[in-house]
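There are 4 protein chains.
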Amino acid sequence: MIIVLKPNSSKEEIANLVDRIKEKSLKPVVFEGDERTVIHVLGNVTDDIVNSFSGKCIEKVMRILKPFKLASREHHEETTVVKVGNVEIGNENVVMIAGPCSVESEEQIMAAAEMLKKLNIKIMRASAFKPRTSPYDFQGLGIKGLKLLKKVREKTGLMVETEVMDVRDVPIAAEYVDMLRVGARNMQNYDLLKEFGKIKKPVILKRGMSATINECIMAAEYILYHGNKDVILCERGIRTFEASAYRNTLDVGAIAVLKSMTHLPVIADPSHAAGNRELIPALSKAAVAAGADGLLIEAHPNPEKALSDAAQSLYPEQLAKLMDELRPLCEAIGRKLG
Amino acid sequence: MIIVLKPNSSKEEIANLVDRIKEKSLKPVVFEGDERTVIHVLGNVTDDIVNSFSGKCIEKVMRILKPFKLASREHHEETTVVKVGNVEIGNENVVMIAGPCSVESEEQIMAAAEMLKKLNIKIMRASAFKPRTSPYDFQGLGIKGLKLLKKVREKTGLMVETEVMDVRDVPIAAEYVDMLRVGARNMQNYDLLKEFGKIKKPVILKRGMSATINECIMAAEYILYHGNKDVILCERGIRTFEASAYRNTLDVGAIAVLKSMTHLPVIADPSHAAGNRELIPALSKAAVAAGADGLLIEAHPNPEKALSDAAQSLYPEQLAKLMDELRPLCEAIGRKLG
Amino acid sequence: MIIVLKPNSSKEEIANLVDRIKEKSLKPVVFEGDERTVIHVLGNVTDDIVNSFSGKCIEKVMRILKPFKLASREHHEETTVVKVGNVEIGNENVVMIAGPCSVESEEQIMAAAEMLKKLNIKIMRASAFKPRTSPYDFQGLGIKGLKLLKKVREKTGLMVETEVMDVRDVPIAAEYVDMLRVGARNMQNYDLLKEFGKIKKPVILKRGMSATINECIMAAEYILYHGNKDVILCERGIRTFEASAYRNTLDVGAIAVLKSMTHLPVIADPSHAAGNRELIPALSKAAVAAGADGLLIEAHPNPEKALSDAAQSLYPEQLAKLMDELRPLCEAIGRKLG
Amino acid sequence: MIIVLKPNSSKEEIANLVDRIKEKSLKPVVFEGDERTVIHVLGNVTDDIVNSFSGKCIEKVMRILKPFKLASREHHEETTVVKVGNVEIGNENVVMIAGPCSVESEEQIMAAAEMLKKLNIKIMRASAFKPRTSPYDFQGLGIKGLKLLKKVREKTGLMVETEVMDVRDVPIAAEYVDMLRVGARNMQNYDLLKEFGKIKKPVILKRGMSATINECIMAAEYILYHGNKDVILCERGIRTFEASAYRNTLDVGAIAVLKSMTHLPVIADPSHAAGNRELIPALSKAAVAAGADGLLIEAHPNPEKALSDAAQSLYPEQLAKLMDELRPLCEAIGRKLG
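Chains V, W, D and E supply the protein sequences, listed in that same order. For the first sequence, this note's numbering assigns the number 28 to the initial residue and increments by one for each residue that follows. For the second sequence, this note's numbering assigns the number 28 to the initial residue and increments by one for each residue that follows. For the third sequence, this note's numbering assigns the number 28 to the initial residue and increments by one for each residue that follows. For the fourth sequence, this note's numbering assigns the number 28 to the initial residue and increments by one for each residue that follows.
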């Protein structure tokens, strides 16, 4: 940490500050520049400590070290490969995870599974619990949905993935499905992150729609810190001033930055970024070209009947076409669509 | 809802669309303009329905009615006045709610209470549970903190307010304190909102840092819909591209807009917007001038020792000075600092 | 400037870096911390120099000193008072500058002048040149508009203010009007800023709708650097994710921050932030409460006939009411509406 | 245009509104819904007209038709192919435009030309005029730089491209170089756009860093409207809340959307989005995968000596490697790197 003092700070003020630093068991080194005195602070600096130095003679405080450790590639050079059943995420494969927004009925979810099997997709996404902006919209099937997902796995061999929003549902869902998801709106729901840290199933952590890259990594740090090493980061579009051409701005730069700053696999969700199915192919290709280790895509056997996210659900033939377009692209960058 | 068709949509496509609208028990009225055909859709239109019309011959879908009802001033003209003990929020008074970021110890919280009593402030804020970006920072005292807050009320007569983040803690906290708070990071934590809907204590709902005004009102709608009528909205700064001069951008326009669109009281939290104590007086005055019904302010008996949010905690003498400045301002706009 | 090196940088890399710093006539001081080596760089550091140190062994470069000098309050403690005729901006008065969006006709502009005179407003705003998003919209009267503004001053004694967008028009406009304005879209039009630096009339510099506070001050620095000391900064709302409740988000925090970082007067334009007249009173009051030295407001003798910005133009009676509301507010904060 | 009235609007108010619509030579069709009366307005609706209906009984006004015509793919289905010498932009080729940020000296620009020739790149970018945030930074060589660019073309056969910021320089620069550029900061400098409309050289129009997609297209509309049909749009990253991991957020969705909404070629500038050279390869690949017709990239024969944008200038070997990576990617999507 570096503390920059205001010009004309008195000797006494500087001495006081040095004492306060020592009280916190940190080591101050004072450096007098031409126009500013600067104090280097050595030791274990937390955010709370950074924040406790402010006002009076202090102009600004700058952090030198990153606030995360477990997620950092600096201390863990090799990329983590997360296993979902026999599917590996984080190696040379680009893994497709697809399926409907919600589990709606046995008939619908089985038709969705059929659609995926035909395309050799190995992991199905589908939400049993739904975070809805409006209390008047479809809220998901809950436990009944989890049971249907389990049935899908038993009947088809597909791995199944679902979102969990309520701390009380985490251990339950972990029994039914193969991979759990933290939704964008819950990226900073710390009690939920702690629960995800306690389970033994892989977790997809979606970046919040206005979360900085640092905040996203800190959320992963929570899960890692509480004991779960199998975290996959997911870029899903950020909120910007552009709000009519698409729903969110897919931040492909974040994919590359997250991969260089952390050792965790990074996937992308082009469906929620787009908000409409026309844009999904372009965003999918861009995400893969930027280095994504996988894609999380909404596709429905019959989008016009979908109970939620209808506008951004691919038709089966669109999903097939997208797979055909992604295959040569993956090869061109030395990877394989898996 | 209005559906705008693409130019050159065929008669058959239009007929199909009309059928789909009728299937959903809605009434279509087709209107042929010079360059576009437009279909008015009458009936109970939810977000899911809006979303289900997309692609193919559809250019865009525009909602006419607002998606919220219970929170809307349209159906409830009179402003709601929320009572916290004998303090009323939403009438001509501008209510000050102040206190430290966190409950840290009995000594600290009693000193804080003393500070408020001297200034005739009637509601204390202090968090027992803390949403922290880093797992390495102070996480709050939990239940022990709730007990200390109860003790404050018993000893001093102050009303006490605290944030709750975990669904499991909502009913417990509701027994200990007089008012609960939904933090900005949890504004779209719908399971939590439902729990707040079930309790009988007033709730401060903080706007998410990237929540649109409509989304903020929809979050209030969740709480109202699940049974709790005592909701106070709180503007606390939004995330914008400006990230170094202050922490968040206080959106004073939102205060005025929320008051005109809803019947709920609206307060402001200048402390989290500012992120540093120097800026708090200006933001406080601006919020009150824009029509805020109250302020939620961090102040600490000894900020240099604060375990969290130290930089944005007012010193006791700063809080006193702010009260002195706000008093004539409130009178100039026909209100009273309460 | 502080250069933070990557962990494990070699002695040779550090030595090379030290040489490069010396080549630029700067003085390096190497500081070895526990986990990072840090180099302090003393001397005259420009943005180009900051930018030239990157990549290889460099983790990040942090600037210590602010990049502006002439605008900084650090080197010029006393607030600058700008004179427009006999009106002073930057002292204890809060100065109202009002008028229609555009000069439309002699009849219209004289009616507008009449409206202002009745309310004892001393400076009229009105654009002769119009920055329009669409080539199909009204583009302004140009020189003819300037002549009408001059006529207003001669007939009524009002000071007149107008925007200039084209470098070629700056010296011409400076002959006709009393104060010129740099519009938000031109805040980083550096050739235009240079021309404004050469004239001898006061300039209102509007903050760009996505300009950081630092960028806004750097734009002022351009004008000051090229010779014109009479610069007034103007906050007019910034572009954020919220785009339907109002046009832009008025950043009241920026008003306070600009006043503390610079010695220049700071005014606010609530009309362009609001985009609709209903919101203007609340924003005006908030801006004044936050410390604005004046307001720039659109008002039209007959808004329904306005050729541009009709929706955000106040009716004459609304302007009168706003003045009545602002007067006691100004007094409550120790100022006077002038 | 659709005007939605407030509930309980009186018959008289509606009749007045109908009259006002007719006065503007438009045709109103009143439609009474269950909860709102809606008026369809047929005819030539400009932004000024949309804006003139507001307040009183009007709840909101929604535009049905897009505000642009000449740029729209709706009226011009075939993609425009822009010719720069014998290079075509907008066909199946992905065109690389590369070079240093600024023209610095004859030696430097010739070395840069050499670098491009070796890689078979046909168009050089280099700025003679520089938009600099600080008046203390390198401002460009001006006319001398233009002359050096002309010399490059004469000696090497490379096409040369440069930015123009001052209206007075447009016709001059058009004589020296093969293609001109409107910088991001000038996207809404309408007088400049008009000048670009009058020349007979192709123009690259960079999207402003906070310009919506609609505003970007409207800026192109200005140039087209004033007579120049050879406009190339350029996505270069937008300003968002994420400001430390990279400089701007490359908006790959915008590339796809601009290509579907307009008939103009769309290229991307990954250098200014990244702000650092490490990120450029990932962004370049993402842009091409999303459909970009070309790339505008900063590369310097000796970045450590670059006078501006040093941190984001590729080293010659990095540019070569990027070309090698892009070639198979282009083929995988059915295009060719040209």
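Read the hints as simulated data drawn from the structure, not as lab findings. In this text the structure is predicted, and so the values were computed from the model without any measurement. Note that CB positions come from ideal geometry on N, CA and C, so glycine has one too. Among the hints, erroneous ones may be present.
Unchecked claim - Which bits of chain W does chain V cover? Going by a derived footprint, with three or more residues having C-beta under 8 Å, they are:
(1) 167–180
(2) 240–252
(3) 256–264
To be verified - Chain W is nowhere near these chain D residues, computed Cβ spacing over 12 Å in every case:
(4) E50
(5) D61
(6) T107
(7) Y163
(8) G169
(9) K177
(10) K178
(11) K225
(12) T239
(13) R266
(14) A272
(15) K312
Unchecked claim - Cut-off 20 Å, straight-line C-alpha distance, at most; resulting in silico cross-link-like pairs (SDA-like, lysine to any residue):
(16) E/K93 / W/E59
(17) V/K144 / V/N303
(18) V/K332 / W/L146
(19) E/K177 / E/E133
(20) D/K87 / V/R195
(21) E/K33 / E/S52
(22) E/K174 / E/L146
(23) V/K87 / D/E115
(24) D/K87 / V/N241
(25) W/K171 / W/K145
(26) W/K332 / W/D164
(27) W/K225 / V/K144
(28) D/K227 / D/E115
(29) E/K93 / V/K33
(30) V/K33 / D/K49
(31) W/K93 / E/K174
(32) D/K96 / V/D61
(33) W/K93 / W/E242
(34) V/K33 / D/H102
(35) V/K96 / W/Q166
(36) V/K256 / W/Y163
(37) E/K96 / D/P94
Quick rundown of the hints versus the structure:
Proximity of the region 167–180 of chain W to chain V, defined as three or more residues with a beta carbon under 8 Å from a beta carbon of that chain, is not established by the 0 residues found. Only residues whose C-beta sits within less than 8 Å of a C-beta in chain V count toward coverage, and the region 240–252 of chain W has 5 of them, enough to reach three; the restraint holds. A stretch counts as covered by a chain when three or more of its residues have a beta carbon under 8 Å from one of that chain; for the region 256–264 of chain W and chain V the count is 0, and the coverage is violated. With a cut of 12 Å on Cβ distances, D/E50 stays outside the contact zone with chain W, its closest approach being about 30 Å.
Every CB of chain W is more than 12 Å from the CB of D/D61 (nearest about 17 Å), matching its label as outside the interface. Chain W leaves D/T107 outside its interface by the beta-carbon criterion, the shortest separation being 20 Å against a cut-off of 12 Å. The non-interface label for D/Y163 is consistent with chain W: the shortest C-beta to C-beta separation is roughly 16 Å, beyond 12 Å. A cut-off of 12 Å between C-beta atoms confirms that D/G169 is not in contact with chain W; the least separation is 33 Å.
No Cβ of chain W approaches the Cβ of D/K177 within 12 Å, the least distance being about 36 Å, so the stated non-interface status holds. Listed as outside the interface, D/K178 is consistent with that label: its C-beta sits roughly 36 Å from the nearest C-beta of chain W, beyond the 12 Å cut-off. The claim that D/K225 is not at the interface with chain W holds, since no C-beta of that chain comes within 12 Å of its own (minimum 30 Å). For D/T239, the non-interface assignment is contradicted: its Cβ lies about 5 Å from the closest Cβ of chain W, within the 12 Å cut-off.
Taking the minimum C-beta to C-beta distance to chain W, about 8 Å, the non-interface status of D/R266 is violated against the 12 Å cut. Consistency note on D/A272: stated as away from chain W, yet its beta-carbon is not over 12 Å from all of that chain's, at 4 Å minimum. With a cut of 12 Å on Cβ distances, D/K312 falls inside the contact zone with chain W, its closest approach being about 4 Å. The hinted pair formed by E/K93 and W/E59 meets the criterion: a straight-line CA distance of about 17 Å does not exceed 20 Å.
A hinted pair counts as satisfied when its Cα atoms are at most 20 Å apart, and V/K144 with V/N303 does not qualify at roughly 24 Å. Restraint check for V/K332 and W/L146: the C-alpha separation of about 60 Å exceeds 20 Å, so the hint is violated. As the CA atoms of E/K177 and E/E133 are separated by approximately 11 Å, the hinted pair is consistent with the 20 Å bound. Under the criterion of a C-alpha separation no larger than 20 Å, the hint pairing D/K87 with V/R195 is inconsistent with the structure, at around 42 Å.
With a C-alpha separation of about 24 Å, the suggested pair E/K33 and E/S52 falls outside the 20 Å cut-off, and the hint is violated. Taking the CA atoms of E/K174 and E/L146, the gap is about 24 Å. The hint is violated against a cut of 20 Å. Proximity of V/K87 to D/E115 is assessed by CA-CA distance (about 34 Å); at most 20 Å being required, the pair is judged violated. This hinted pair checks out: D/K87 and V/N241 have alpha carbons roughly 15 Å apart, not beyond 20 Å.
A C-alpha spacing of about 26 Å is found between W/K171 and W/K145, which places the hinted pair above 20 Å, so the restraint is violated. With a CA separation close to 15 Å, the supplied pair W/K332 and W/D164 stays within the 20 Å bound. Of the supplied pair hints, the one linking W/K225 and V/K144 is violated, its CA atoms being roughly 44 Å apart against a limit of 20 Å. For the hint linking D/K227 to D/E115, the alpha-carbon distance of about 16 Å falls within 20 Å, and the restraint holds.
The suggested pairing of E/K93 with V/K33 is violated, with an alpha-carbon distance near 53 Å, which exceeds 20 Å. With a C-alpha separation of about 27 Å, the suggested pairing of V/K33 with D/K49 is violated against the 20 Å cut-off. Taken as a hint, the W/K93 and E/K174 pair is broken in the structure, with Cα atoms around 60 Å apart against an allowance of 20 Å. The straight-line distance between the Cα atoms of D/K96 and V/D61 is roughly 15 Å, inside the 20 Å bound, and the hint therefore holds.
Of the supplied pair hints, the one linking W/K93 and W/E242 holds, its CA atoms being roughly 11 Å apart against a limit of 20 Å. With a C-alpha separation of about 13 Å, the suggested pair V/K33 and D/H102 falls inside the 20 Å cut-off, and the hint holds. With a C-alpha separation of about 18 Å, the suggested pairing of V/K96 with W/Q166 holds against the 20 Å cut-off. Between V/K256 and W/Y163 the CA atoms are separated by roughly 17 Å; this keeps the pair inside 20 Å, and the hint holds.
About 43 Å separates the Cα atoms of E/K96 and D/P94, which puts this hinted pair outside 20 Å; it is violated.
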